[in-house]
Structure formats: C-alpha cells, structure tokens
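I would like the entire structure built from these sequences, with the hints used as guidance.
Position 86 of the sequence shown, counted from 1, bears residue number 113 in our numbering, the numbering being contiguous throughout.
Don't take every hint at face value.
Okay, the calculated beta carbon distance ranges per label pair [stated by the list, open to error]:
| id | residue 1 | residue 2 | range |
| --- | --- | --- | --- |
| 1 | Pro64 | Ala87 | 11 to 21 Å |
| 2 | Asn46 | Leu107 | 15 to 25 Å |
| 3 | Glu58 | Ser88 | 18 to 28 Å |
These are calculated hints, taken from the structure and not from any lab test. Built from N, CA and C at the ideal position, the CB exists for glycine as well.
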Amino acid sequence: MKVVVEILTGNLFYIQVGNDATVGDLKKEIEAQENLPRQRMILVVDKNQSHPRINDEDAASLVDCGVQDGSHIYLFFSHLEDESPYHHREYGMEKKREEILPYTYISTMGEPFLTLANKVSDVTCE
28 MKVVVEILTG
38 NLFYIQVGND
48 ATVGDLKKEI
58 EAQENLPRQR
68 MILVVDKNQS
78 HPRINDEDAA
88 SLVDCGVQDG
98 SHIYLFFSHL
108 EDESPYHHRE
118 YGMEKKREEI
128 LPYTYISTMG
138 EPFLTLANKV
148 SDVTCE
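Dropping the structure here:
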C-alpha cells in the first residue's frame, strides 16, 4: 500500500509499505526515507478515517488502525526525553558556555584576541 505523509511544515512525501505492514514498519520506512527519528513519531490518519490517531504500538496492523492504500497520514513528533544529551542545553549546544569559553575568540572593533577566561564573569567589555 502507498500512503501520503504530511509533516508540520506542509511537506508531503509518499511511503510504500506492504498490505500487511505494521505501525513499526511504517515508522521504519519514514525514518529510512526521510531521516526522521522513529522513536518520537506520532502518526494521525486523515480526519475522514474512523480511527484518527494510529496506535502507538509498533506491532499494531496498519489496516486495523484504519490505514488503507492512499491514506493521508499526518506526522507529529513527541517532546525530547529528559535523557537527551541536548536537554537543558542552550539552543541544543553540546557544550555549555562555560565549557567552551576558555577557547573563545572575542572580537572588539574588528581585532580578535584569544581570551583564557575561566567564567563568563571574567570577560569584561569596555
């Protein structure tokens, strides 16, 4: 069966899975084709279907969830879990500002210099 998947940006793409495919099979195909994180996927079938939200269990049959050939599926993503290496990091940075500051170049009036400051408070601007 071939289904159309729409993400929040409005982009559409097609996914081909077998007629006996499961929710997990569909998520794997989406992950492989679009490079999206399978663990965070939330799938919702078009509002004209009898079961709007697709079962979260990967073993559930797509047909049992109301998905058929030509179905329109909306793809959403769950929040990141607390265990994420990026949780509580400013803008998803891998290192905290204090961890990278000792090696940061600071430019003043177009003339860069290297600061060996240990903390943000050690850097002053005049």
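Hints, one by one, checked against the model:
Checked against the given bound of 11 to 21 Å, the beta carbons of Pro64 and Ala87, roughly 19 Å apart, stay inside it. Against the hinted window of 15 to 25 Å, the Cβ-Cβ separation of Asn46 and Leu107 comes to about 34 Å, which falls outside the hint. For the pair Glu58 and Ser88, the supplied restraint of 18 to 28 Å holds, since their beta-carbon distance comes to about 19 Å.
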